[in-house]
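Participant: The residues making up each chain are set out below.
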Amino acid sequence: MKRELRQYTTQVTVIGSGLAGFAASMFALDRGIQTAQIGNTGAVAYTTGYFDLLGGDGGEVIDDPWRGIEALRKTEPDHPLSRIDDKDIRTAFSKFTEALSALGLGYTQPGENNLMALLPGGIAKPTLSVPKTMLGGVEAASKGAQTLIVDFIGLQGFSAKEMVANLSSSWPGLGAETVAFPDMESGASVYVEVMARSLEVAENQKRLAKRIKAVLGDSKVVGLPAILGIHGSDVVHAQMEKLIGVPVFEIPTMPPAVPGIRLRELFEGTLPDKGLMLVPQHKANRIDLNEDGIIVNLEDSFGEIQIQSQAAILATGRFLSGGLAADRHGVRETLAGIPVSQPDNRNDWHNPDYFDAGGHPINRSGIEVDGCYRPLDANGNPASERLFAAGIVLAHQDWIRQRCGAGISFASAYKAVEAASKILEA
Amino acid sequence: MSTIDPAGTKTYDTEVLIIGGGVTGTGIMRDLALRGFQCLLVERKDLNAGASGGNHGLLHSGGRYASSDAETAAECRMESDIIKRMAPECIDDCGGLFVAVEGDDPAFAERFPEHCAKAGIDCQSLSPQEARKREPQLSDTVFAAYVVPDASIDPFHITLGNVHHAQQLTDSTYLPHTEVIEFDIADGTIASALCRDLRSGESVRISAKQVVNASGAWARNIAQLAGCTDVDLLYVKGTLIVSNSRLCNGVVNRLRPPGDGDILVPGGTVSLLGTTSDKVDSLEGLRPTVDEVDHILNEGMPMLPVLRDTRFIRAFCGVRPLLQSSDAGMDGRKASRGFQLFDHEDQGLKNFTSLVGGKLTTYRLMAEKTGDLVTRRMGKKAPCKSASEPLPAGDSVRWTEPGYAPRFWYRRNDPTDAILCECEMVPRSAIDEIVETAPGAESHMTLRAIGLRSRVGKGTCQGSFCAARVSSYLYDSDVYSGVEGRDHMRDFLAERFKGLRPVLWGKQMPQMELAEAFHCGLLGLDFKKENGSGSSS
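Chains as they are written, first to last, in our numbering: chain A, 1 to 426; chain B, 427 to 963.
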């Protein structure tokens with residue numbers, strides 16, 4: 001194979017393929033902007049599938065995320081959510097969930113209050129929007145409905161008995177059963193992704209439904225690990241409810257899990273049809289500024305690729321996605337060399353107690369942006385008029401403890417695209 | 427066996443009560459069991475909770491002490507030979523090197539073979555080229571190198587094996603999480619010890635003919651409980667770090683007077699770099715720090731430049747309980763590594779023995795000397811057998827050995843025996859065996875207790891994922907039935923984090939981010955209140 005340089009030109013390049021990156025691409029396409037997107041999508045597979053706006057504060061549950069953000073504006077004015085109007089947050093969040101629903105992956109519309117969504121260990125997660133396949137769990141739990149949790153022979157890390165043991169005091173009508181998944185009866189390890197793909201076949205849906213019906217007893221609702229198909233999960237879900245004869249809901253599982261794989265495959269499968277130039281599974285290795293704009297460089301097995309654009313959006317995530325990297329002496333931003341706000345000393349990165357309610361200071365490190373979402377250089381000036389940033393690479397937030405990762409990603413992507421659109425030439 | 431007295435206190439009657447579940451206490455337990463005595467061993471936490479679990483697992487050839495303490499050096503040489511023969515399953519007889527690099531004192535290096543010869547330690551000179559062929563990661567500034575018969579030892583395997591064998595020999599008993607509260611003393615004799623089960627809070631009374639204090643760094647406290655003021659100790663904290671993979675074939679020692687960051691010991695699939703040496707006043711709340719980790723790395727790099735880019739998965743620390751002496755030096759390094767047996771007769775006690783100081787390599791000898799005294803006091807004549815009776819292999823005590831679980835799993839070839847810990851490939855059947863039959867197994871075994879008896883949580887992810895998988899499995903096997911699995915998971919992860927915290931950089935950062943997202947985002951373990959998502963919410 002001959003290796004040669006390939007060059008492309010577009011209006012905006014989105015760097016990163018997590019929630020923020022895909023949100024940025026969606027919002028840009030929506031504005032009619034010619035868009036390219038590059039980056040690994042590994043970390044998306046680790047999501048529960050729940051989209052949080054703001055759910056936690058110092059170890060406490062936040063019921064009303066909007067009031068929570070109101071409070072945040074006073075206590076944490078630099079928090080990315082504090083800096084964005086409610087109206088823009090609502091628009092960004094709704095646009096994203098509506099777009100997913102329109103593409104065939106139904107999500108609930110963000111409301112005024114958090115939903116208490118089920119987690120496999122039995123503790124609930126305060127979140128704003130859930131996949132429609134999981135909504136039944138929120139409802140069954142709030143009503144205390146007579147519910148059967150079903151797990152599978154050979155499935156690791158998901159125990160119906162564990163869920164029931166942890167929830168039974170507040171949810172007495174909960175039961176547990178184990179069944180064998182069709183064609184996976186041997187007792188050897190089974191994997192959620194394989195099960196989900198298998199359930200896209202009508203015959204397998206029937207066989208599984210029959211096995212679940214056999215153990216259903218008096219239960220009025222069935223909870224399953226998230227395995228109801230990868231593509232068209234809403235259809236698989238509806239079909240299973242029809243076959244079993246009671247409402248069915250999904251529960252997130254250990255990573256890598258199906259809800260994240262669904263998102264990734266949906267983005268990768270549908271956005272190119274909407275005009276996105278997508279270079280998945282390759283990371284940008286350098287960005288250069290020239291007089292025509294910004295060049296994002298990457299390399300695949302056929303050689304180098306250069307994408308010339310008028311603006312780029314940095315949505316490269318944190319350590320797990322490679323947007324930030326740490327050595328013994330500090331944390332750096334890996335692609336553009338943007339300074340990272342961080343504690344002075346490695347000894348201050350983490351508190352002594354892992355589950356410290358305040359979280360760990362290092363998780364609030366990140367890059368600074370101005371009001372137009374342009375990353376700031378060491379002097380506090382925009383590093384470039386053409387470079388914007390979005391998502392959890394931004395400083396002054398703790399997406400894990402505050403349960404605010406999706407909210408920051410959608411809202412900051414929306415703002416970054418809005419700002420980028422203003423510098424595009426007609 | 428236990429009975430319940432009229433006041434409701436659980437009581438035990440035994441020949442010898444041993445306090446302290448480290449390698450010494452369990453070594454004494456086995457030594458005495460081999461002589462026919464029935465023992466009961468109490469431990470405030472669990473096996474190897476102190477220095478026995480907080481060291482680099484080095485079976486000293488004696489080379490380290492050859493230049494400063496010929497007596498200890500010779501003792502190490504003899505004892506390591508015996509242990510290599512008696513417990514080969516617990517040993518990696520990997521050999522060791524002493525190397526001097528640029529900046530080290532050539533005169534000190536030159537005298538090394540002579541000192542080894544005095545202590546009877548086999549020592550062969552290598553050229554720098556030969557040394558680097560043997561250990562390719564060595565600095566190219568090596569100017570002197572000697573081969574010595576160092577080895578690495580799994581102190582958990584030894585301890586578990588000791589308890590297991592004593593249980594088999596004389597029906598001896600091990601009680602974890604049992605703290606001595608007071609001694610009942612009359613006529614110069616300890617008649618019984620009142621203890622508390624720290625999990626249930628219940629009192630336990632143990633009557634014994636002889637009482638042995640082998641509580642390591644806590645020996646002074648236990649001696650004082652018995653009214654003895656003769657035990658004086660120096661507490662010296664040492665911190666070590668564990669690499670993600672094995673860096674060297676054998677032990678690598680720096681050929682200079684003992685100092686920080688001067689030794690790298692293989693631990694099966696990993697390597698351990700140590701140590702620091704700092705006097706401390708208190709034994710509570712000690713943990714490895716960022717500064718200590720940076721310090722030993724900086725000290726170790728001149729000998730092994732590979733350390734600069736090595737991925738470390740954990741730091742840990744222990745406290746060396748050293749005999750107090752006037753010339754111990756600021757860092758305690760000059761304090762004696764020898765041991766002392768207190769018969770406490772000048773303190774007015776006839777059946778109380780304390781064993782203080784010493785080191786992992788000489789634990790058997792220490793147990794032998796203690797066993798001799800206890801046997802004499804019991805009025806019996808039973809010779810020590812621990813230098814001639816091999817430590818038997820046991821199914822339930824073999825899971826701490828790195829690489830054992832994958833070999834077992836592969837040989838067993840049972841696809842239904844799912845792997846729960848993917849880093850170390852620990853299958854379900856290992857967990858079953860530990861929960862049912864390992865020394866100290868209990869009905870609601872915690873994840874920490876399982877981790878201590880296996881490789882669970884020892885790999886790259888430091889238990890981030892296997893904690894949840896093992897917990898789920900224990901619910902499925904009806905070992906857990908309430909909310910305790912969640913508490914055990916929190917406790918286990920919080921403990922692993924203490925060791926992770928000082929080595930979080932490089933590839934450990936994404937690992938940590940993923941772990942935290944999993945523990946908080948998917949499991950909700952950071953919420954203060956259990957917000958069970960039932961109808962009450």
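Some hints could be false.
Unchecked claim - When the alpha-carbon atoms are kept at most 35 Å apart in a straight line, the in silico DSBU-like pairs for lysine-lysine are as follows:
#	chain 1	residue 1	chain 2	residue 2
1	A	K422	A	K87
2	A	K132	B	K811
3	A	K274	A	K132
4	B	K955	A	K220
5	B	K811	B	K776
6	B	K705	A	K283
7	A	K283	A	K242
8	A	K87	A	K74
9	A	K132	A	K210
10	B	K955	A	K143
11	A	K220	B	K954
12	B	K924	A	K74
13	A	K95	A	K210
14	A	K283	B	K924
15	A	K74	B	K955
16	B	K776	B	K705
17	B	K954	A	K87
18	B	K635	A	K95
19	A	K220	A	K206
20	B	K955	A	K87
21	A	K74	B	K776
22	A	K132	B	K954
23	A	K132	A	K143
24	B	K807	B	K471
25	B	K807	B	K635
26	B	K705	A	K95
27	B	K705	A	K143
The set of hints was computed from the structure by calculation and includes no laboratory data.
Participant: Taking the hints in turn, state whether each one holds.
Facilitator: The hints, checked one at a time:
no.: 1; hint: A/K422 - A/K87; verdict: holds (20 Å)
no.: 2; hint: A/K132 - B/K811; verdict: violated (70 Å)
no.: 3; hint: A/K274 - A/K132; verdict: holds (24 Å)
no.: 4; hint: B/K955 - A/K220; verdict: holds (29 Å)
no.: 5; hint: B/K811 - B/K776; verdict: holds (25 Å)
no.: 6; hint: B/K705 - A/K283; verdict: violated (49 Å)
no.: 7; hint: A/K283 - A/K242; verdict: violated (43 Å)
no.: 8; hint: A/K87 - A/K74; verdict: holds (18 Å)
no.: 9; hint: A/K132 - A/K210; verdict: holds (23 Å)
no.: 10; hint: B/K955 - A/K143; verdict: holds (21 Å)
no.: 11; hint: A/K220 - B/K954; verdict: holds (32 Å)
no.: 12; hint: B/K924 - A/K74; verdict: holds (33 Å)
no.: 13; hint: A/K95 - A/K210; verdict: violated (38 Å)
no.: 14; hint: A/K283 - B/K924; verdict: holds (33 Å)
no.: 15; hint: A/K74 - B/K955; verdict: holds (25 Å)
no.: 16; hint: B/K776 - B/K705; verdict: holds (33 Å)
no.: 17; hint: B/K954 - A/K87; verdict: holds (32 Å)
no.: 18; hint: B/K635 - A/K95; verdict: violated (79 Å)
no.: 19; hint: A/K220 - A/K206; verdict: holds (19 Å)
no.: 20; hint: B/K955 - A/K87; verdict: holds (32 Å)
no.: 21; hint: A/K74 - B/K776; verdict: violated (70 Å)
no.: 22; hint: A/K132 - B/K954; verdict: holds (29 Å)
no.: 23; hint: A/K132 - A/K143; verdict: holds (18 Å)
no.: 24; hint: B/K807 - B/K471; verdict: holds (33 Å)
no.: 25; hint: B/K807 - B/K635; verdict: holds (16 Å)
no.: 26; hint: B/K705 - A/K95; verdict: violated (61 Å)
no.: 27; hint: B/K705 - A/K143; verdict: violated (59 Å)
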